[in-house]
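Asker: Read off the chains here:
Protein chains: 4
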Amino acid sequence: MEKLKRFGVSMQESLLKNFDEFIKKHKYKNRSEAIRDIIREKFVEEEWEKGKNVVGCIVIVYEHDVREIVDKIIDIQHKFSSIIVSSQHVHMDKENCMEIIVVKGKVEKIKDLYFYLKALKGVKYSAITKATSGKSLK
Amino acid sequence: MEKLKRFGVSMQESLLKNFDEFIKKHKYKNRSEAIRDIIREKFVEEEWEKGKNVVGCIVIVYEHDVREIVDKIIDIQHKFSSIIVSSQHVHMDKENCMEIIVVKGKVEKIKDLYFYLKALKGVKYSAITKATSGKSLK
Amino acid sequence: MEKLKRFGVSMQESLLKNFDEFIKKHKYKNRSEAIRDIIREKFVEEEWEKGKNVVGCIVIVYEHDVREIVDKIIDIQHKFSSIIVSSQHVHMDKENCMEIIVVKGKVEKIKDLYFYLKALKGVKYSAITKATSGKSLK
Amino acid sequence: MEKLKRFGVSMQESLLKNFDEFIKKHKYKNRSEAIRDIIREKFVEEEWEKGKNVVGCIVIVYEHDVREIVDKIIDIQHKFSSIIVSSQHVHMDKENCMEIIVVKGKVEKIKDLYFYLKALKGVKYSAITKATSGKSLK
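Protein chains in written order, with numbering that gives the first Met the number 0: chain S, 0 to 137; chain V, 0 to 137; chain D, 0 to 137; chain A, 0 to 137.
These aren't lab readings, by the way, just hints derived from the structure by calculation.
Note that this is a predicted model, so its numbers are computed, not measured.
Simulated restraints on C-beta separations:
| hint | chain 1 | residue 1 | chain 2 | residue 2 | range |
| --- | --- | --- | --- | --- | --- |
| 1 | D | Ser80 | S | Lys28 | 44 to 50 Å |
| 2 | D | Glu1 | V | Lys108 | 33 to 39 Å |
| 3 | V | Leu3 | A | Asp92 | 38 to 44 Å |
Far from chain V, by Cβ distances over 10 Å, these chain D residues were calculated:
| hint | residue |
| --- | --- |
| 4 | Lys2 |
| 5 | Lys4 |
| 6 | Arg5 |
| 7 | Gly7 |
| 8 | Glu12 |
| 9 | Leu15 |
| 10 | Asn17 |
| 11 | Glu48 |
| 12 | Lys49 |
| 13 | Lys51 |
| 14 | Ile82 |
Heads up, the beta-carbon is just placed ideally off N, CA and C, and yes, glycines get one too.
Using the sequences plus the hints, can you model the full thing?
Answerer: This is how it looks when you write it as structure tokens:
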């Protein structure tokens, strides 16, 4: 763990009052914790915009009884195995499955994998979560 | 103008280094200015989620030669005159116009106006910008 | 106005039912109007991601009695006059003003202007609306 | 699997041309597949806005050597076991772990869990992916 540095911040009384309510609602321990958190969020957005090496999750929801869909999902994952860290399968209900794939690599390649999965017949919903390795965010 | 309060924030050295680069890139004068700004952004999101009295802009891009579109846009604005603060018309090019409507009122009513405009034949693009009266954000 | 082409779309009954409710709620005249609209939205996102020539609105909310803020806002706009189409000023309440600036040009330059305005002391809120000239979206 | 219904859509030639490029880039098999996909995305947004029963993923990135963080993450998950479907742990690098938690339940309760995790000391990044059970989206 890294050493902390300390600095002063000035803020209008009423803004600070609102901020303290925000902190309470969001369960933060103190102002520093909250400020560090919302600063880090900004960096993740920028990492992804710049196309850097990033970490993320691809989520797909699909009907498992659509012809050959399970095979196709596995095939695509094998083609992109260099950027796939792990995957998790969840049975949502009688018809629907969810697959969560953790990815690590170049933004462009991650998006490519995402588009292939998203476009499959039987995939009803898909989303990509932009996260980070935390490397640049200590 | 309101008085400022001052408090201390602690942050990991490397996070602070990244934050200072962010501040430079985004032209902020100092850390306090940047922190106040990103905190306020959080509040605007929450105001809109809660359906409070808010301020915003509706932007539409449309083809002015679509039959009766100009009349329809004016008609709709008159029906919602209680929440419309002002509007601005811009000639984008030979075919396209942009209309920017500043709105102030309940989230629900603003969205209603937005849907009516968005759905008009000839309106090619529309967007809504969530802003704030600044009242709670001093 | 351009000629229309027609093609067939197949959809699950229950998805179509939900879509028809969506159309009603969003005041669209018919399915084609709704589909064209949500397709165009996708293109605007892509235009901005690619850094093309785009159209947009910058919205700022500021306290007019902060020292020299009005001068600074005008100065910055003059420096970026090549990408500014028009601007509109709204008095929100006793303390707050809103300025809406319509911009047209390269994404990078628009963001630069946005960062300068956003970072000014006294600017409490700012947002950028991504729109389009409609040129590529007919 | 459900039966499909077919209907006609009319679109300007140039918009259709752009749409076909979009389809190619996004690897969709045909126009129907693409249209169904972007329609479903709209519904997920609305489900979450309305606070319905939804499905989602919470992603957190954290430093595993922060004191007691692993215990705290497990404790919180136990308190919210009624909405947690499964969770997956990934070792990102020497310092950082990622935990992906699949959740199913009321929007409000999911957000509550999210805030508790997000606010922990040592959690450097967190995100919530809005997905769906697919129930209403067949």
